[in-house]
Amino acid sequence: MKPVLRRAVAVYMWLFLTLSFLVFSLSALQYFLFHPLFIGNDQSVYLAMGQLVLDGLVPYRDFFDFNAPLIIYLSALPAFFSRFLILPVSLVFDFFVYLCFFISCSLVLATYLQFKGHKDSYVLPFAIAGLTWMQSNQYLDLGQREHFFFLFYLPYLLFRALRLSDSARIRGGFALNILAVVVGLSALFVHIKPQLLIFFLVVELVTCYKCGALRKEKRKLLFAPEFLTFLIGSLLYFLHFAFYPREAVMNLLNEAIPIYAMGFKWYENSTIACLVSTNSGINTTFLFAASMLFAVALFSRSALLLPLVSFNGTAFVMFAFFSTNWTYRYLPVQGCSMVLLMIELAILLRMFASGGLPRFALQFLGSPLLFIYALLTFYQYYSAYAATFLAAENVDLRSLGCLGFASTRELSPPLVCILRHSKPGDAILSISQGVAPGYPPVLLAGRRPGSRFLHGMHLPMLDTCLERTGDLKYKRKLDQAVLDYGEDIEKFKPALIFVQDGEIEELLKQRGFFEKFVTGKGYVSLGKLNFEGMKVFKRGSSGEVSGPDEAKAMVLEVLAGKDLSKVAAEHNVSAATLKTWVDKARSGIDLAVGDASSGGEISLMTELVQTRQKLFGKILEIEKLKQALKNSGKQP
Amino acid sequence: MKATDITSAVGLKAGSLLIGLPVFLVFLFDLLSSTGDISPWPAMRLTLFERFRSGALPYSDFFSFDTPPALFLGALPAGLHQMLAGMGFLQPLVLVFKLSVFLAVALSLVASLGILCFALETVQAERKRELMPLALGFTFSFLAANYLVRFQFGDLQHLFCLALLPYLFLRACSYMGVRFFGPLSVLLGFLAALAASLDLLFVPVFVICELVLAAVSGKLRFDKALLGVGLGFCLAVASLFTLPEASRAAFFEICLPLRLAKLLILDEILAFVKCAPDLRFYLILFGVALVNGFLLLSRSRLLAPLLSLMIMGLLLFAVEAEGFSSELVVLIFSSAFVLGLNVFQWLSPFSGGRLYLPVAILFSCLASYGFYTVNHQALDQSLSVSSELRRNGEPDLGEVLDQNSRIGDNVLVVCDFPSAIYPALLYYDRRQYGYLTTSKPLHLYRVLRQIGPTNMVINNACETIITKVRRDLDSGKIALLLVHKSPEEEDMRCLGLAFYLDNRFANSGNAYYYSRARAPREAIGYLFPFHVYLPRTQGGKGK
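So the sequence lines, in the order shown, correspond to chains A and B. Per this note's numbering, the very first residue in the first sequence carries number 1; after that it's consecutive. Per this note's numbering, the very first residue in the second sequence carries number 1001; after that it's consecutive.
The set of hints was computed from the structure by calculation and includes no laboratory data. From the three backbone atoms N, C-alpha and C, an ideal C-beta is built for every residue, glycine too. All clues stand as given, with none of them false.
Derived BS3-like pairs (lysine-lysine); straight-line CA-CA distance at most 30 angstroms:
{"#": "1", "chain 1": "A", "residue 1": "LYS521", "chain 2": "A", "residue 2": "LYS535"}
{"#": "2", "chain 1": "B", "residue 1": "LYS1128", "chain 2": "A", "residue 2": "LYS210"}
{"#": "3", "chain 1": "A", "residue 1": "LYS630", "chain 2": "A", "residue 2": "LYS618"}
{"#": "4", "chain 1": "A", "residue 1": "LYS509", "chain 2": "A", "residue 2": "LYS477"}
{"#": "5", "chain 1": "A", "residue 1": "LYS521", "chain 2": "A", "residue 2": "LYS475"}
{"#": "6", "chain 1": "A", "residue 1": "LYS475", "chain 2": "A", "residue 2": "LYS516"}
{"#": "7", "chain 1": "A", "residue 1": "LYS535", "chain 2": "A", "residue 2": "LYS579"}
{"#": "8", "chain 1": "A", "residue 1": "LYS516", "chain 2": "A", "residue 2": "LYS477"}
{"#": "9", "chain 1": "A", "residue 1": "LYS552", "chain 2": "A", "residue 2": "LYS579"}
{"#": "10", "chain 1": "A", "residue 1": "LYS579", "chain 2": "A", "residue 2": "LYS423"}
{"#": "11", "chain 1": "A", "residue 1": "LYS475", "chain 2": "A", "residue 2": "LYS509"}
{"#": "12", "chain 1": "A", "residue 1": "LYS614", "chain 2": "B", "residue 2": "LYS1485"}
{"#": "13", "chain 1": "A", "residue 1": "LYS562", "chain 2": "A", "residue 2": "LYS584"}
{"#": "14", "chain 1": "A", "residue 1": "LYS210", "chain 2": "B", "residue 2": "LYS1219"}
{"#": "15", "chain 1": "A", "residue 1": "LYS218", "chain 2": "B", "residue 2": "LYS1128"}
{"#": "16", "chain 1": "A", "residue 1": "LYS528", "chain 2": "A", "residue 2": "LYS477"}
{"#": "17", "chain 1": "A", "residue 1": "LYS509", "chain 2": "A", "residue 2": "LYS473"}
{"#": "18", "chain 1": "A", "residue 1": "LYS584", "chain 2": "B", "residue 2": "LYS1485"}
{"#": "19", "chain 1": "A", "residue 1": "LYS218", "chain 2": "A", "residue 2": "LYS119"}
{"#": "20", "chain 1": "A", "residue 1": "LYS119", "chain 2": "B", "residue 2": "LYS1219"}
{"#": "21", "chain 1": "A", "residue 1": "LYS491", "chain 2": "A", "residue 2": "LYS423"}
{"#": "22", "chain 1": "A", "residue 1": "LYS193", "chain 2": "A", "residue 2": "LYS473"}
{"#": "23", "chain 1": "B", "residue 1": "LYS1128", "chain 2": "A", "residue 2": "LYS216"}
{"#": "24", "chain 1": "B", "residue 1": "LYS1440", "chain 2": "A", "residue 2": "LYS584"}
{"#": "25", "chain 1": "A", "residue 1": "LYS423", "chain 2": "A", "residue 2": "LYS521"}
{"#": "26", "chain 1": "B", "residue 1": "LYS1485", "chain 2": "A", "residue 2": "LYS265"}
{"#": "27", "chain 1": "A", "residue 1": "LYS584", "chain 2": "B", "residue 2": "LYS1262"}
{"#": "28", "chain 1": "A", "residue 1": "LYS475", "chain 2": "A", "residue 2": "LYS265"}
{"#": "29", "chain 1": "A", "residue 1": "LYS423", "chain 2": "A", "residue 2": "LYS552"}
{"#": "30", "chain 1": "A", "residue 1": "LYS220", "chain 2": "A", "residue 2": "LYS116"}
Computed beta-carbon distance windows for the label pairs:
{"#": "31", "chain 1": "A", "residue 1": "LEU239", "chain 2": "B", "residue 2": "GLN1450", "range": "49 to 59 angstroms"}
{"#": "32", "chain 1": "A", "residue 1": "LYS265", "chain 2": "B", "residue 2": "GLN1450", "range": "23 to 33 angstroms"}
{"#": "33", "chain 1": "B", "residue 1": "GLN1450", "chain 2": "A", "residue 2": "LEU214", "range": "52 to 62 angstroms"}
{"#": "34", "chain 1": "B", "residue 1": "ALA1238", "chain 2": "A", "residue 2": "ARG612", "range": "50 to 60 angstroms"}
{"#": "35", "chain 1": "B", "residue 1": "GLU1126", "chain 2": "A", "residue 2": "LYS265", "range": "44 to 54 angstroms"}
{"#": "36", "chain 1": "A", "residue 1": "LYS216", "chain 2": "B", "residue 2": "SER1298", "range": "16 to 26 angstroms"}
{"#": "37", "chain 1": "A", "residue 1": "GLU506", "chain 2": "B", "residue 2": "SER1298", "range": "50 to 60 angstroms"}
{"#": "38", "chain 1": "A", "residue 1": "LEU483", "chain 2": "B", "residue 2": "LEU1264", "range": "47 to 57 angstroms"}
{"#": "39", "chain 1": "A", "residue 1": "LEU185", "chain 2": "B", "residue 2": "LEU1366", "range": "42 to 52 angstroms"}
{"#": "40", "chain 1": "B", "residue 1": "SER1298", "chain 2": "A", "residue 2": "GLY355", "range": "21 to 31 angstroms"}
Isolated chain A, as found in the complex:
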C-alpha cells in the first residue's frame, strides 16, 4: 500500500477507535451523572478524612484509621475541589477518578508511541481497551484503593516490561526519560497499602529475570530512570513520616497496624465464598481462568504476557490470603484479567488477520462497527437511566448545599434521618462494625464526624484479638476505646449517635457506654430505625422517625391499595425500602394461604399438632390442679 494511503487508513482507524474509547468511557460515567449521590462506603470515609486533613487535622493523632496515609492525601484532592464547585462531593470524586483513568490511559498511549518500533507495542492500544472495560465495570468500587493502585501501576508495568525487553532503549531520548519519570511516579501508588509492594517486587523480579537484567552485563537495565524514580519517590514517602508528630506515628505503628493484622480475621469469609458468593466474584473468577488459559496457549507470542501473568497470579494469591469476599479486593484480578484478555485478542488478531483481506476488513469495517456499537451501548444505558430518573420522584440537592437533582431512592434512610434531625455543621457519631451505614450519609449530608473514630471497625477487631490471644491488653484497649468515644461525645456534642445492634451494641453495653455517655446525658432514644439494625439517639428532644409502628402502617397502606411511591414520599422513606417491606409482607401472606408443601395444608396440619400438644399440656395442668385440690380436701 502506498505510504499516503497507509497513513490515511491509519488516521481513519484511529479516529474511530478514539471516538469509541471516549463514548465507552462516557457510557460508564453517565451512571454517576444520573446518580450524583452514589459513592462507595470506603471511598466516602476517605473523602471525609481528606476533608479533615484540609482542615488541618493530623491522621492517626486527631482521627483514627488502619490504612497508610496515601489514600487520605489522594482523597484530599477531590475534597479540595468540591469546596469550590457547588456539586455533591460524591460527584466531584467520581470525576476525579475518571480523570485518573484518563491519565492512566494517556500514559499507556504515550508508552505505545515511544515504543512504536518494538515488536510487542502493538498490543498497547488493546491494553487501553482492557482498562476501559475494567473502568466501565466499576460502580461501588469506583475509587477504591485497589482501583487507584491498578490504574497507576499498570502504565509502569507495561513501560517497564517493554523497556527491559528492548535494551537498546536504555539511554533513550528526552521524551522517553520524561515518560519514564512520570510512570515511575505513578508506580508510587503501590504505597496505598503496604501489601501492594509485593506486586511490585514479584513483577519486577520476574520481568528482570526473564529479560536477563539480573545478569552482570545487563544490570544497567535494572536502574533505568523509571525504577530510580520509584526508589527515590518511595524513600521520600517513607521519610515524610518524620514530619508526623510522634504520637501519630506511635498510634499507627503500635495501635492501628497490629490491631488490623491480628483482628482482621473477624471479617474473613470461607474460601469458596470469596470466589463465587457474588456475581462479580463469579465473573472475575471466570475471567481470571480464561485470561490465564489463553496466556498459557499464547505464552511465546509476547513479552508482555509474563509480567501480566505474574501480576495476576500475585493478585489472586493476595485475594486468597485475606479471604474476604469484598469485591474491591478482587479488583486487581478483574482488571488484570480484562487487560490480559484484550492483549490476547490483539495477539490472535495479529496471528490470523495480519494481512490481506482480513486486515482490510478489520481496519475499514471493524473500527467504525466498534464505534457504532459504542454509540448503541451509550444510548442503551442513557435511555435506561433517563427513564428511571424521570419516573422516580426527585429531590433538589439544594437541601444538601449543592446544585442538581437526585432520585429519592438515593436518599438512604440514615441520610434522611440525618437531614431531618440535624443541621449543617452538626457532628454525627456512627458506631458500626463497618464503614456503613454511617458513611456515606454523614459525608453527603455535609456533617462533621462526631469522633476521632469515623467508624467502629476497631471494636470487633479488638474483641477478636482478645479472643485469639487472651491477652488482657486488648481488653484494656477495648475499655479505652469506649472511654475515647465518651470523651469525643463530650467534646464534639454530636447531634445524633447511631449504634449498630448485635456485637457492637453488646461490646458497648458491657462497658456501660449508654449509662455513662448517652442516656440521661442529654440524649433521647429515637428508637430502632429499620435500617441496618441501628439504634439512634438524638441530642435534645425527640422527633418523628420511621419506627416499627410507622413502618407497619406504611405497608398496610400500600397493601390496601395506595400508591407505593406516594406513601414513601409522604413518610420520607426510600421507595425501594418500602417495596422490600411490602414484598416480604405479601410473601408471608402467600405462604400462609398457599398450597406449597411448606405451607397450606401441611402447615395447617403442623399447627393442628401443636395445638393438640398445647391442649394436652393444659389437660395435664388441670389434672394436677384437681389432684392438689383433692389433697387439700377441697372439692374441684
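We have chain A already, so just place chain B on it with the hints.
The following block gives chain B in isolation, referenced to the frame of chain A:
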C-alpha cells in the same frame, strides 16, 4: 552414582526413583500409622455399588449425582475383593479399595515415567535438555502431589488426575515427534476418556487441556491415543444404556437436572468462615505454582497442559460451589506436581555436577519431613476438636449408632455432606435406608426456591424425591433416624416432612460427628449436632 550416569535412561529412572524414595516412605508410614479411614465419597460409592449389586436400581431406588461410569467404578474393588476371597485372602473391602487405588497410583507413575524416559531416548539434544529435569523430578513431584491429596484418595478427581497425567505426557511427547507403541497409546487414551466421563465437568477439562496442547504446538495432531479417547467416551455413553429403563429415566428426569441446577449455586450459609473448610493455603500454592510454571514454560512446553489443568481445577472448585476439599483435588494435585517439577527445572543447570543427586535427595528428604510434620500437626489439631466439643458430654455419632441399632439395621442419616454417614455406616455395618444417600437434593431444592422460581423439571424431580422420602419414613423399617440440625432439619420441615419428625419419630437427644473428622481443615462448619430420632413404635419416648 556418577553425574554422567543420570543422563542415561536407566540412570534417569533410577535417579528419579531414588529422589522420590523419601516421599514414598513418608507416604507408606502415614498410611500404616493413621486411622486408615477412606474418604467419604469413595466410601459412599462403594456402598452404592453394593446396593446396585444387590438389586437396587441406581437413580430410581437411590439418589446419586454420579454418572453411570462413576457408579460402575465400585465394581473394580468389589471384583478384586471377591477374587481375593476366592483365593482364601479375605480382607475388608476398605483395605481392598485402598490397595486398588495404590495400584492405580503405581501404574500412573510407571506409565508417565516410562513415557518420559522413552521420549528422552528418542528426541534430539535440545528436547533432551527440556525433558531431563522433568524426568528426574517426576517421581518426587508425583508422590508429593498424591500425598497432599491423600484424604481424598480414590475420589473422582484423584482418579481423573491419575489417568489423565500419562495421557497428557503421551500427547505432549507425540507433538514433539515421538512415536509410541500403538496399543499403549490407545489404552492410555481409553483410560483418560473413561476417567473424564466419571463426572460431566471433567469432559471440558479434558478438551481444554487437549486444545492448549495443540495451541502451544501450533498444530493439531491426530494419533492412536485419540482413537482410544473415542472408544472410551463411547463406552461411557454405552454404560448408560446398560442400565434398566427406570434407572435411565430417573437419571435424566431427577439426577441430571439437579446436578446441573447445583452448579454455581452458593448456599449463603457457606459464606461464613467456619462453615466451609479454609482452603486458602491451596489457592496460594496454586498462585505460586502458576507464576513459577509460567516463568519456566519457555524451558518446557510439557508444562502447558499441566498449567491448564491447574486453572481448570480452580474452575471445577468454583463451579461446584460447595467448598469441599474433594472439589479442589485437581487443583492441589496439579499445583503440587508443577511446583515440584519447577524445583528440578531450577536445579537443572547443576544436573551435570557430582553433587546434583545428593543435593536433590537431601531436598527430597527435607521436603518429605516438612510434609509429614505439617500434616500431622494439622491432623492432631483437627482430631483435638473432639475434646473441645465434648464439653456437654454429648455422644459421638458412632456411639449412638452402636447403642441404638444393631448390625445390619436400616438407619437414615439426613445430612447434606457424606462425611458423617460414610464410612461410619460401613464400619458399623448399618445400612443407609431408602432413597436419600445424602440430603443434598432436599437442601438444594430449598435453596433454589429461595433464589427464585423453579422450573417444572426441577419441581417434578424434587417432588418425586420428597414422595420417595415420605414413603421411606412411612415404611417402618428405619431403626434409627439421625438428622443434622442445620440446615437439614429445617429443610425437612420446610418441605413438608415435619410431620414425621414430630409424630412418627421421637427426639431422644443429640449426637456430634467428631471422632472421624480426620482431614485437616475439613471441619464441617460449626459442627452442629445431629438430632437422634427413634421410631415411636419401638418405644422411642423422646426428650
